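Engineer: Next come the chains, spelled out residue by residue.
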Amino acid sequence: MDLQALRVSLLLAAATSFCLLLIGLPLGYWLAFTRSRLRLIVEPVVALPLVLPPTVLGLCVLLALGPRSPAGQALERITGHTFAFTFEGLLVASILYSLPFAVQPFATAFAGVDIRLREAAFCLGASQFGTFFRVILPLARRGVLAGIILSFAHTLGEFGVVLMVGGNIPGVTRTASIAIYDSVQALDYAAALRTSAVLVGLSLVILAATSHLLGGLVLPGARRR
Amino acid sequence: MIDIAKAFPGGPSLRFELTLRPAGTTVLFGPSGSGKTTLLRMLAGLDRPDRGRIQFGKTTWFDSETGVHAPPQKRRVGYVTQESALFPHLSVMDNAGFGVPVPDRPTRVPKMLILMGVNDLAARFPHELSGGQKQRVALARAVAARPDVLLLDEPLSALDAASREALRRDLGRFLRAVSLPTVLVTHDRSEALALGDEVVLVANGRVLQQGPIADVFSRPASLEAARVVGIEAVVPARITGRSEGLAILDAFGVTLTALDPGTEVTEVFACIRADEVILEPGDSPTSARNRLAATVTAVHLESALVRVDLDCGFPLAAFITRAALRELNLSAGSKVSAMIKAPAVHLVPREAAAPRS
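Chains as they are written, first to last, in numbering that gives the first Met the number 0: chain A, 0 to 224; chain B, 0 to 356.
Because the hints were derived from the structure by calculation, they are not lab data. Remember, predicted model here, so these are calculated numbers, not experimental data. Among the clues, some could well be false.
Here's a subset of chain A near chain B, in silico, CB distances under 10 Å, partners left out [what the hints assert, rightly or not]: (1) W29; (2) A31; (3) T33; (4) R36; (5) R38; (6) A110; (7) G111; (8) D113; (9) R115; (10) E118; (11) L123; (12) S126; (13) F132; (14) P137; (15) L144; (16) I148.
Backbone N, C-alpha and C define an ideal beta-carbon position, used for all residues, glycine too.
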């Protein structure tokens, strides 16, 4: 079993979930409440990874961050190395790939908070920011939790994007799903099965935890609504 | 000084031009769909008028010419709707303290909860409260934030009759205690009469009439206004005695008898519907408690019925048939007796009113 690959997978999933929390909360809030027409463009763009083949997304990221693109060159100047075939590059691709898995549950949960509660908070002097942290986030926390867990699990299982952007560098970009593929290619079915078993077990634990959290973490008053 | 002028076309077109009193309770009264709630939401900054101006004292809240639109946070309004909109994840104490700076909460919040009679519920959560209790907390929460004006949108209408009655009484005391200028939206006559000082009649997105509440309710300025308020004399009166379940009233020097409403309040409105007033010539004997000498001021023919306006120390209207009109031979200046049974004099206690001098 490739413990190093599992470690990379878990690290990537955790980092992706964390970044998606930072990006997804404001984006989800905007999508839930904006009246701007920009939403008509932003919403499908966020959802695009749901339907796009991972290889297409991976190719786009690879080209965008590669040494020949302006973005890639800028990043290289700042960080001193190229982004393609690095953990950071892989992280960027993973964030894009799992974006809808975080943003959609976030936005749905925010939109589900009674608008009258937002208005009540506004009239009591709470700013948009204050209202978000004091009213909307606490009431939408189950949806936020679901989004984080889904993006974590989704990143754990990704393959195509990782292969395109990360390559297969042990300890850096070689994730568990790639390790399984390699083992099968090398006809080492036992190793592939062991790593797969760990992934299956991990996924089951995550999903069980999710359903327990979503079923058991009922907010005071939430049962009535 | 609240000074509001507003035009709001679009959808069902609304156009309100009014100036609200700087103190006391102004009732926005009218049928559902008349635009009362929209007007209140525009005052709170939750809805944006298409054009016009809202001026609160020296501050401009909205001006379509200059593009000013102060957000609700800047307007310092206490806004309470019929569904209390309490935060379900916060306790009663935390709900009431939501708009209060943290250091001031221990001093300000319990005071408000005590004033609304819900201090013993401080640790509970909204789903553990009854409808009436929720509204009390919502009112305490709105006032604890120290608003400059209180906007109440049918705060009692989602409650059952018993808790509505109790809360109406307490709301009156509460409003007097906090002495904030208040705008109350309602379509309930008793609520308007019990809590209001002034009334603005609203129908079809227009202001029909504005004035002291008894004036507007007993002397609607137009047929449309009369339809909105119903034809009923509303007479300020004082309970001077009680016996055998009856209350003796003094209304502009005229003595009236009504059923005792059973509150300690002595300032009331006596409401008398025009179809409960019977007219008799001269001084024929009767068992009716209330027999008032009246002078006819006007006679209006209205379909099958005739509306006779009377002066009996206060304005009163009576509906009679055309046959009765011929029999009594009434015209402006005629002297008649107006008879009203005691149960037909409906008393609304004036909870919010300052005692008349």
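Engineer: With a cut-off of 10 Å on the beta carbons, see whether G111 (chain A) makes it to chain B.
Structural biologist: The hint is violated - G111 (chain A) has no Cβ within 10 Å of chain B, the shortest such distance being about 12 Å.
Engineer: Holds or violated: the hint that R38 (chain A) contacts chain B, with Cβ atoms closer than 10 Å.
Structural biologist: Constraint on R38 (chain A) not satisfied, violated at 19 Å.
Engineer: Given E118 (chain A) as an interface hint, is the shortest Cβ-Cβ distance to chain B below 10 Å?
Structural biologist: holds, 5 Å
Engineer: Should the interface hint for L123 (chain A) be scored as holding, given a Cβ-Cβ cut-off of 10 Å against chain B?
Structural biologist: holds, 3 Å
Engineer: Holds or violated: is the Cβ of A31 (chain A) closer than 10 Å to a Cβ in chain B?
Structural biologist: With Cβ-Cβ at 18 Å, over 10 Å, it is violated.
Engineer: Would you settle whether the hint for F132 (chain A) is holds or violated, based on the nearest Cβ-Cβ distance to chain B being less than 10 Å?
Structural biologist: violated, 12 Å
Engineer: Does the closest beta carbon of chain B sit nearer than 10 Å to the beta carbon of D113 (chain A)?
Structural biologist: Cβ of D113 (chain A) sits 7 Å from chain B, so the hint holds.
Engineer: Tell me if the interface restraint on T33 (chain A) is satisfied: Cβ within less than 10 Å of some Cβ in chain B.
Structural biologist: Not OK, violated: T33 (chain A) not within 10 Å of chain B, min 16 Å.
Engineer: Classify the hint on L144 (chain A) as holds or violated, based on whether any CB of chain B lies nearer than 10 Å to its CB.
Structural biologist: violated, 15 Å
Engineer: Is the hint on P137 (chain A) kept, meaning its closest Cβ partner in chain B is under 10 Å away?
Structural biologist: Status holds, d = 5 Å.
Engineer: Taking the closest Cβ pair, is A110 (chain A) under 10 Å from chain B?
Structural biologist: Where the cut-off is 10 Å and the nearest Cβ of chain B is about 16 Å from A110 (chain A), the hint is violated.
Engineer: Given a cut of 10 Å on the nearest C-beta pair, is the interface hint for R36 (chain A) held or broken against chain B?
Structural biologist: violated, 18 Å
In summary, the numbered hints that this structure violates are 1, 2, 3, 4, 5, 6, 7, 13, 15, 16.
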